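Enquirer: As they're listed, the protein sequences go chains A and B.
Basically the working numbering = 1-based index in the first sequence + 141.
Basically the working numbering = 1-based index in the second sequence + 320.
Bear in mind the hints are in silico, worked out from the structure with no lab data behind them.
Incorrect hints may have been included.
To give an idea of the interface, some chain B residues facing chain A are shown, with a C-beta separation under 10 Å as derived from the structure [as the list claims (entries may be wrong)]:
{"#": "1", "residue": "P386"}
{"#": "2", "residue": "G409"}
{"#": "3", "residue": "K410"}
{"#": "4", "residue": "A477"}
{"#": "5", "residue": "F478"}
{"#": "6", "residue": "R483"}
{"#": "7", "residue": "L486"}
{"#": "8", "residue": "R489"}
{"#": "9", "residue": "A490"}
{"#": "10", "residue": "D494"}
{"#": "11", "residue": "E496"}
{"#": "12", "residue": "L499"}
{"#": "13", "residue": "G506"}
Okay, the calculated bits of chain A under chain B, using three or more residues with CB under 8 Å as the criterion [stated by the list, open to error]:
{"#": "14", "segment": "249-259"}
{"#": "15", "segment": "350-361"}
{"#": "16", "segment": "369-375"}
It should be emphasised that the depicted structure is a prediction, and the values quoted were computed from it without experimental measurement.
We put the CB at the ideal spot given by N, CA and C, even for glycine.
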Amino acid sequence: MLSVENLEVVYDDVILVLRGVSLDVPEGKIVALLGANGAGKTTLLRAVSGLLDVHEGEVTKGQITLDGDPIHHLSPARVVSAGVKQVLEGRRVFAEFSVEENLRVGAHRNTRRLSENMERVYDLFPVLRDRRRATAGYLSGGEQQMLAMGRAMMSDPRYLLLDEPSLGLAPLLVQQIRDLIVEINQRGTTVLLVEQNASMALSIAEHGYIMETGKIVMDKGASELLEDEDVREFYLGLHDEGTPRSFRDVKHYKRRKRWLS
Amino acid sequence: MTRFGQSLIQGLGNGSIYALLALGFVIIYKSTLVISFAQPALMVAGATMVVFLTGSFGLPFFAAVPVAMLLTALLGLIVERSALRPMVGKPVFVVAIITIGVDITIRVVVNRFLGNTIRNFTSPWGLDTLRVGDVFVQQRFLAMMLTTAVVVAALFAFFKYSRTGLAMRATAFDQETALAQGISVGMVFALSWAIAGALAALAGTFVGTGGSIDQQTWIIALKALPAIIIGGLDSVGGAVIGGLVVGVIEALVGTYQPTAAPWLGNNFAVVSPYVVLLIVLLLRPYGLFGTPEVERV
Numbered sequence: 142m143l144s145v146e147n148l149e150v151v152y153d154d155v156i157l158v159l160r161g162v163s164l165d166v167p168e169g170k171i172v173a174l175l176g177a178n179g180a181g182k183t184t185l186l187r188a189v190s191g192l193l194d195v196h197e198g199e200v201t202k203g204q205i206t207l208d209g210d211p212i213h214h215l216s217p218a219r220v221v222s223a224g225v226k227q228v229l230e231g232r233r234v235f236a237e238f239s240v241e242e243n244l245r246v247g248a249h250r251n252t253r254r255l256s257e258n259m260e261r262v263y264d265l266f267p268v269l270r271d272r273r274r275a276t277a278g279y280l281s282g283g284e285q286q287m288l289a290m291g292r293a294m295m296s297d298p299r300y301l302l303l304d305e306p307s308l309g310l311a312p313l314l315v316q317q318i319r320d321l322i323v324e325i326n327q328r329g330t331t332v333l334l335v336e337q338n339a340s341m342a343l344s345i346a347e348h349g350y351i352m353e354t355g356k357i358v359m360d361k362g363a364s365e366l367l368e369d370e371d372v373r374e375f376y377l378g379l380h381d382e383g384t385p386r387s388f389r390d391v392k393h394y395k396r397r398k399r400w401l402s
Numbered sequence: 321m322t323r324f325g326q327s328l329i330q331g332l333g334n335g336s337i338y339a340l341l342a343l344g345f346v347i348i349y350k351s352t353l354v355i356s357f358a359q360p361a362l363m364v365a366g367a368t369m370v371v372f373l374t375g376s377f378g379l380p381f382f383a384a385v386p387v388a389m390l391l392t393a394l395l396g397l398i399v400e401r402s403a404l405r406p407m408v409g410k411p412v413f414v415v416a417i418i419t420i421g422v423d424i425t426i427r428v429v430v431n432r433f434l435g436n437t438i439r440n441f442t443s444p445w446g447l448d449t450l451r452v453g454d455v456f457v458q459q460r461f462l463a464m465m466l467t468t469a470v471v472v473a474a475l476f477a478f479f480k481y482s483r484t485g486l487a488m489r490a491t492a493f494d495q496e497t498a499l500a501q502g503i504s505v506g507m508v509f510a511l512s513w514a515i516a517g518a519l520a521a522l523a524g525t526f527v528g529t530g531g532s533i534d535q536q537t538w539i540i541a542l543k544a545l546p547a548i549i550i551g552g553l554d555s556v557g558g559a560v561i562g563g564l565v566v567g568v569i570e571a572l573v574g575t576y577q578p579t580a581a582p583w584l585g586n587n588f589a590v591v592s593p594y595v596v597l598l599i600v601l602l603l604r605p606y607g608l609f610g611t612p613e614v615e616r617v
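In isolation and in its complexed conformation, chain B is listed as follows (with noise of 0.2 Å):
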């Protein structure tokens, strides 16, 4: 039960980044039909900035956080205004791979901001723990799913209430009707790399938190990837659930499969998640929570 307990929020935890990174996944999709290959960019780029600025710049961590996420959407904005922008009404297709592009553009000016080291990461939680019942709970990963539960419900509020959040659902839904009630299409675009930008930001401060980051980090964002095709691709609900699933499912299997199912092989874990994304494609290849269209019979 300790064990079960501890791998659950463990799960949860990293589960949240990802989906913060899928979350930033579904709403550049949703907006502009692109799946953004450049969120693992975003997430080092943020995840750097916060080393630097509290390393170099002496700033506290929780100041440091929100200039890193402001930076961060900074240069979201900047990469769909010079990168995107142009390629506006171009296939699908073509766009996706631009963002494979700025993706690496990205990393390769981070890496050399990074160099070959590990950079240790402070936070104010570290590795600390607290104890609930007999269950060790490690404090970053209740201040992951903490934040992720006000992020989410602040997006969710955002896309429901506000009237940008409004003018991006609408646009993501009919962009010629979205410009006909005098919704500047170029901003939503803008708005939506920004926000990813920000979520990546967040995402990649938690990877770092307790631990270090390095050149390989990027790798943990492909993880959001899953996290996106199992709860949907243009679902913002799907993309926080499919991450914790992804989260969850990853914690549980590190832990029991080693002895429940030795046969597997070392480090099964890393792989789960996509066996659950290979059953949800057979099932529902919308993802299971992929909007189902709205017809008038």
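With the rest of the complex left out, here is chain A (with noise of 0.2 Å):
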């Protein structure tokens, strides 16, 4: 199990970002972790995954937890070594590079399966075999991400991060994608999702956790937070239909914002 104890990360030694933020992610499972931008949730996958010195950010409290050891200060190198692997917002896929190149460079930590490795990111994703010689940077932006999925399972983890994986994708593509997620759970990775679409998200997860302004303000079932009057209104966008909006249902939902949290 992946788990989160009341982490504290700042950045800049000034800026408090995530405050006291826990959460936990069982072996097998899709976790989803919504928010509004700006919440944290890119932070608390780099606290994870070891990114934050690159972004000057330092966890100040609690810890992260990998089957018990703690996880936290350890390089990115070694959190891979552990099965712990991010794949970045915004896919970065290595535009210059082949395709194969991309998933070779996944597998850095991983070489001695390589082949084998590389055939079950094949099967997972065809559209990567048929374009294997091709430059990454002019795959499509659903290429992309399936590429950036694909170098990250080249190390086979245990435990993979998706960060917004349906940025920027059409709504079949997203589909795609949502598949491609479960496909890849069921195969046996744990998947922490971070996801803006939330109603993908929760489609898939069993648990979803809401974050705002650093901090987890919701925790529950995927179904019971579908279920949610204020995770319908809020993140869904659902209310109840034919009813006229006025500026102070706008006032009233930060209202009910502060309340829910």
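Starting from the two chains in their separate frames, assemble the complex, guided by the hints.
Expert: Here it is, written out as structure tokens:
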């Protein structure tokens, strides 16, 4: 189990971004982490995968443990070796490399079973097999997202941290990515899914956390969250049809949000 | 024709030296975004090691060169770890200035060993020539070209196929993503300095071959600067071609300019690469082979 306990993260020694976040990702599950921009979702992932240093961030309190062992002070390379891999937001493929080279970089920490893992990734994403000699930068957005996920899968991680895989993709592609996440999970990889697209994330996750300004404000089963009135209104954009809305409702929205936390 | 052939060979030979040096610059630049001005010092350090290894230690030339390359690589590693690693994340300009400091420091130490004399270089080729048709070709130039070709081919294969080479390219392209793949970026930095050191030592050896080295030898390494700008700062292939271009231009101008355009004055050959540099900068500011950014439209 990957668990985060009372995590506090500070950027540049002054900006407190995470204020005591706790969450659990049990093995074999898909867990969704939702929240608006600036809530600290990406920071949480960085803390897990050891990428805070690059951004002048630092864990000041709390800890992150993987099966009981603390991992929040490990280098990114050690975290990857421990079996936790992050797919960065915005795909970030190596644009000048071919698809296959991208995948080989992904296998940096696990080269012993390179060809086996590559076959597995190609099975998962047949599109990549067809385009394996193509320059990654010229792939379509959906293909690039698949490449980024495939690259992460090359080291055969036990835990996959996905940062907004649906970002900037057409609805059909979002569905395809969603199905792929389920597939990856069924093949034995635990997934922590960070999303803005709440309906997509909650439709496949078992458990969901909602973050606001550096805190977890809700922590429920995904089906409960989908039913929750506040979540429906604020994250899924659903409210009673036909009722006229006014500026007072917007104020109401603010009030409700504060109450919610 | 004879004259042309001879100066072409000489140009390609010297060009391979510049290419080796330029490769070092480019490899360090690509991984750390710093132009390392310590290359000249690493070059003379390598050459001096060969002098002492063949002289005082009595090693044969072909054993001394690999040892010197290894030691210079080690020197590069030490420089990176001690002077540059603490500066990671600082402005690139600051780091570049630090490399100038490193350059001066190493040169002072090396000069202490070299002393005020001219150190003769013992190499298997000396100034022996080979006759091809009616062109007399100095063997050392052939050796330079051949060695450089082999080294460049090996480097290309390394960057294309090996796990570490790929990791270095990945780091050069996007450091954070490389980190997320589990690549140790510190290792990549260290390795690029080591490779640059080894290449510089090899270049230094060839500078000395058939001649000598002294306290002024380091200036030759500055010829690599027009080479990398002509070739494109971030292109390994460009560095090689840029180096060869600089060498050939220098040699051809040196051969023909005194008779064809004497009004340009003596030793115009020395500045000729810089003239080409200016023209290239005007037409293609990112160099002949600087990578155009890959972008999906």
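Enquirer: So which of the earlier hints does this model not fit?
Expert: 1, 3, 4, 5, 15, 16
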